[in-house]
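**Q** The residues making up each chain are set out below.
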Amino acid sequence: MSNLEKYTNAFVTCFEVDEETAKRLKYQDISAWDSVGHMGLIAALEEAFDIMMETDDIIDLSSFEKGKEILSKYGIEF
Amino acid sequence: MTKFAELLELDPYCLDKTQKSKLLTEELKNLTEFHQQHCQAYDNMLKGLNYKRENVYSYEDLPFLPVSLFKSLTLKSISDAEVFKTMTSSGTTGQAVSKIFLDKETAAKQQKTLVKIVSAFTGASRLPMLIIDSPSVVKNRLMFSARGAGILGFSIFGADRTYALNDEMEIDFDAIEAFLARHQGQKILLFGFTFMIWQHFYKELLKSDRKIDLSQGILIHGGGWKKLISEAVSPAEFQKRLTDVCGLSDIHDYYGMVEQTGCIYMQCEHGHLHASNFSDIIIRNPKDFSVASFGEKGIVQVVSLLPESYPGHSLLTEDEGVVLGEDDCPCGRKGKYFKILGRLKNAEIRGCSDTYAAKF
Numbered sequence: 918m919s920n921l922e923k924y925t926n927a928f929v930t931c932f933e934v935d936e937e938t939a940k941r942l943k944y945q946d947i948s949a950w951d952s953v954g955h956m957g958l959i960a961a962l963e964e965a966f967d968i969m970m971e972t973d974d975i976i977d978l979s980s981f982e983k984g985k986e987i988l989s990k991y992g993i994e995f
Numbered sequence: 003m004t005k006f007a008e009l010l011e012l013d014p015y016c017l018d019k020t021q022k023s024k025l026l027t028e029e030l031k032n033l034t035e036f037h038q039q040h041c042q043a044y045d046n047m048l049k050g051l052n053y054k055r056e057n058v059y060s061y062e063d064l065p066f067l068p069v070s071l072f073k074s075l076t077l078k079s080i081s082d083a084e085v086f087k088t089m090t091s092s093g094t095t096g097q098a099v100s101k102i103f104l105d106k107e108t109a110a111k112q113q114k115t116l117v118k119i120v121s122a123f124t125g126a127s128r129l130p131m132l133i134i135d136s137p138s139v140v141k142n143r144l145m146f147s148a149r150g151a152g153i154l155g156f157s158i159f160g161a162d163r164t165y166a167l168n169d170e171m172e173i174d175f176d177a178i179e180a181f182l183a184r185h186q187g188q189k190i191l192l193f194g195f196t197f198m199i200w201q202h203f204y205k206e207l208l209k210s211d212r213k214i215d216l217s218q219g220i221l222i223h224g225g226g227w228k229k230l231i232s233e234a235v236s237p238a239e240f241q242k243r244l245t246d247v248c249g250l251s252d253i254h255d256y257y258g259m260v261e262q263t264g265c266i267y268m269q270c271e272h273g274h275l276h277a278s279n280f281s282d283i284i285i286r287n288p289k290d291f292s293v294a295s296f297g298e299k300g301i302v303q304v305v306s307l308l309p310e311s312y313p314g315h316s317l318l319t320e321d322e323g324v325v326l327g328e329d330d331c332p333c334g335r336k337g338k339y340f341k342i343l344g345r346l347k348n349a350e351i352r353g354c355s356d357t358y359a360a361k362f
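These protein sequence lines are chains A and B, in that order. The working numbering puts the first residue of the first sequence at 918, with every later residue one more than the last. The working numbering puts the first residue of the second sequence at 3, with every later residue one more than the last.
Keep in mind that a hint or two might mislead.
[Claimed, not checked] Computed cross-link-like contacts, DSS-like style, restricted to lysine-lysine with a CA-CA straight-line distance of at most 25 Å:
#1 K940(A) - K983(A)
#2 K106(B) - K87(B)
#3 K73(B) - K24(B)
#4 K242(B) - K189(B)
#5 K87(B) - K983(A)
#6 K347(B) - K101(B)
#7 K228(B) - K341(B)
#8 K141(B) - K106(B)
#9 K943(A) - K141(B)
#10 K289(B) - K341(B)
#11 K87(B) - K943(A)
#12 K289(B) - K299(B)
#13 K5(B) - K54(B)
#14 K106(B) - K940(A)
#15 K106(B) - K985(A)
#16 K106(B) - K943(A)
#17 K242(B) - K228(B)
#18 K87(B) - K101(B)
#19 K983(A) - K106(B)
#20 K347(B) - K289(B)
#21 K943(A) - K983(A)
[Said to hold, decoys possible] On the chain B side, residues computed to face chain A include the following (Cβ under 10 Å):
#22 K49
#23 K54
#24 K87
#25 A110
#26 Q113
#27 K114
#28 A122
#29 F123
#30 S127
#31 R128
#32 V140
#33 A161
[To be verified] Residues from chain A that keep clear of chain B, each with C-beta distances beyond 12 Å, as calculated:
#34 N920
#35 L921
#36 E922
#37 T925
#38 N926
#39 V929
#40 E933
Calculated from the structure, these hints are not laboratory results. The model shown is predicted, which means the values in this text are computed figures rather than measured ones. Don't be surprised by glycine CBs; every beta carbon is placed ideally from N, CA and C.
Using the sequences and the hints given, assemble the complete structure.
**A** What follows is the structure in structure tokens.
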């Protein structure tokens with residue numbers, strides 16, 4: 918699985934949305950991505966890529982797109 | 003750069019009395035004016051008090067609202083469309099709950115401030131986290147209480163978050179043992195509410211044959227002492243008993259409330275609660291609301307730089323406390339340090355752990 922697939926998959930699984938919806942998502946767009954859902958997403962991403970994110974990055978991850986930018990800091994290329 | 007962004011770059015306990023007083027006076031005056039312009043009810047109250055900005059020489063001169071007002075009134079300085087999250091206080095059945103309206107910006111400030119303050123105690127890296135509560139507290143999102151919000155707010159500091167209690171509030175020994183095995187020799191973070199820890203963790207651990215070793219742990223707990231005081235358990239006793247039963251010795255209580263989420267007051271290694279750069283406490287004489295001297299007990303007023311979406315930057319709580327000193331705690335942190343003595347007589351029961359404890 919490519920990194921993008923793994924990344925998208927985390928959103929699809931956590932929020933039960935299709936891939937197209939996932940790619941457009943921003944924090945709080947859907948009820949599943951609230952503060953509880955957010956911590957679930959972080960856990961899923963950390964597991965998928967075997968990383969540990971910094972607290973500031975967890976706060977800043979406010980959209981699908983922004984998340985890719987943040988993960989690149991951890992050496993994950995898309 | 004905004005004042006808030008500047009503060010985020012600093013150590014949260016670096017400002018001394020003179021620096022902090024200047025900062026708070028200026029910023030809180032601005033916040034007062036902002037809320038006057040954006041919240042009609044607040045403006046009416048200040049007019050009733052004959053508030054004039056030019057009469058304010060220090061942030062101690064600013065008006066303060068009783069915290070209970072957020073139960074009876076809808077107080078916000080944003081439009082309905084901007085409301086991002088509504089927080090409610092913990093309250094026992096039949097009690098009215100506070101409603102605090104947050105927009106995205108204020109919510110983000112709260113989270114960032116919490117990270118800044120707690121990291122000063124736990125370190126910058128996230129630690130494996132054991133939550134001394136049941137997973138059901140955050141499961142039901144419609145019933146999202148201050149207790150759930152507290153757990154969630156602190157979750158950001160943790161990795162491999164594991165709940166120490168099951169849905170029946172019983173100790174989940176298997177989960178804890180597996181968690182400890184995964185993180186052998188590592189520092190771990192424990193979080194919970196004071197009464198839950200006492201009732202469902204400490205007491206049950208004492209009874210059980212199974213032992214767990216948490217000597218590598220740092221515990222952060224809050225939510226009220228009322229029930230424990232009635233069981234004659236002092237903070238020192240609480241700490242000692244936990245050390246005896248599971249080796250846990252790095253323990254920090256915190257004081258905070260949903261009306262000023264984020265800028266919590268953490269207890270240092272000398273047992274004192276500390277005000278950070280982001281907020282302060284003032285003790286008021288209950289007879290005339292004048293500012294009490296250090297060492298004199300009175301009603302706790304809290305001020306905070308964070309509340310922008312609601313006029314909650316200066317509040318009179320229903321707690322009794324005493325300031326012990328300023329800038330000279332042996333731990334080295336600047337700012338006021340203090341002790342909370344309990345709730346005022348006839349005040350409602352509040353606090354995440356106290357409202358829960360009312361059932362026992």
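**Q** Evaluate each hint against the coordinates.
**A** Now the hints, each set against the structure:
1. K940(A) - K983(A): holds (11 Å)
2. K106(B) - K87(B): holds (8 Å)
3. K73(B) - K24(B): violated (32 Å)
4. K242(B) - K189(B): holds (20 Å)
5. K87(B) - K983(A): holds (22 Å)
6. K347(B) - K101(B): holds (23 Å)
7. K228(B) - K341(B): Given that 25 Å is the threshold and the Cα spacing comes to 14 Å, the pair holds.
8. K141(B) - K106(B): holds (23 Å)
9. K943(A) - K141(B): Distance ~22 Å between K943(A) and K141(B) Cα, so the pair holds.
10. K289(B) - K341(B): Between K289(B) and K341(B) the Cα gap is close to 20 Å, so the pair holds against 25 Å.
11. K87(B) - K943(A): holds (16 Å)
12. K289(B) - K299(B): Holds, at roughly 12 Å.
13. K5(B) - K54(B): This hinted pair holds, its Cα atoms lying about 24 Å apart.
14. K106(B) - K940(A): holds (22 Å)
15. K106(B) - K985(A): holds (22 Å)
16. K106(B) - K943(A): At roughly 13 Å apart (the allowed maximum being 25 Å), K943(A) and K106(B) satisfy the hint.
17. K242(B) - K228(B): Holds. K242(B) to K228(B) sits at ~18 Å (cutoff 25 Å).
18. K87(B) - K101(B): holds (10 Å)
19. K983(A) - K106(B): holds (17 Å)
20. K347(B) - K289(B): holds (14 Å)
21. K943(A) - K983(A): Cα-Cα ~9 Å, so holds.
22. K49: Given a least distance of 36 Å, the restraint on K49(B) is violated.
23. K54: With a closest approach of 39 Å, the K54(B) hint is violated.
24. K87: holds (8 Å)
25. A110: holds (7 Å)
26. Q113: holds (6 Å)
27. K114: holds (6 Å)
28. A122: violated (13 Å)
29. F123: violated (13 Å)
30. S127: Where the cut-off is 10 Å and the nearest Cβ of chain A is about 8 Å from S127(B), the hint holds.
31. R128: It holds, given that the least Cβ distance between R128(B) and chain A is near 6 Å, below 10 Å.
32. V140: This hint holds: V140(B) lies near chain A, its Cβ roughly 6 Å from the closest one there, short of 10 Å.
33. A161: holds (6 Å)
34. N920: About 21 Å separates N920(A) from the closest Cβ of chain B, which puts it past 12 Å; holds.
35. L921: Holds, because the least Cβ-Cβ distance between L921(A) and chain B comes to about 24 Å, which exceeds 12 Å.
36. E922: Answer for E922(A): holds, closest chain B Cβ roughly 24 Å.
37. T925: holds (23 Å)
38. N926: Nearest chain B Cβ is 21 Å from N926(A), so the label holds.
39. V929: It holds; V929(A) is separated from chain B by about 20 Å at its closest Cβ, greater than 12 Å.
40. E933: Non-interface label stands for E933(A): nearest chain B Cβ at 14 Å, farther than 12 Å.
In this structure, the earlier hints numbered 3, 22, 23, 28 and 29 are contradicted, and the remaining ones agree with it.
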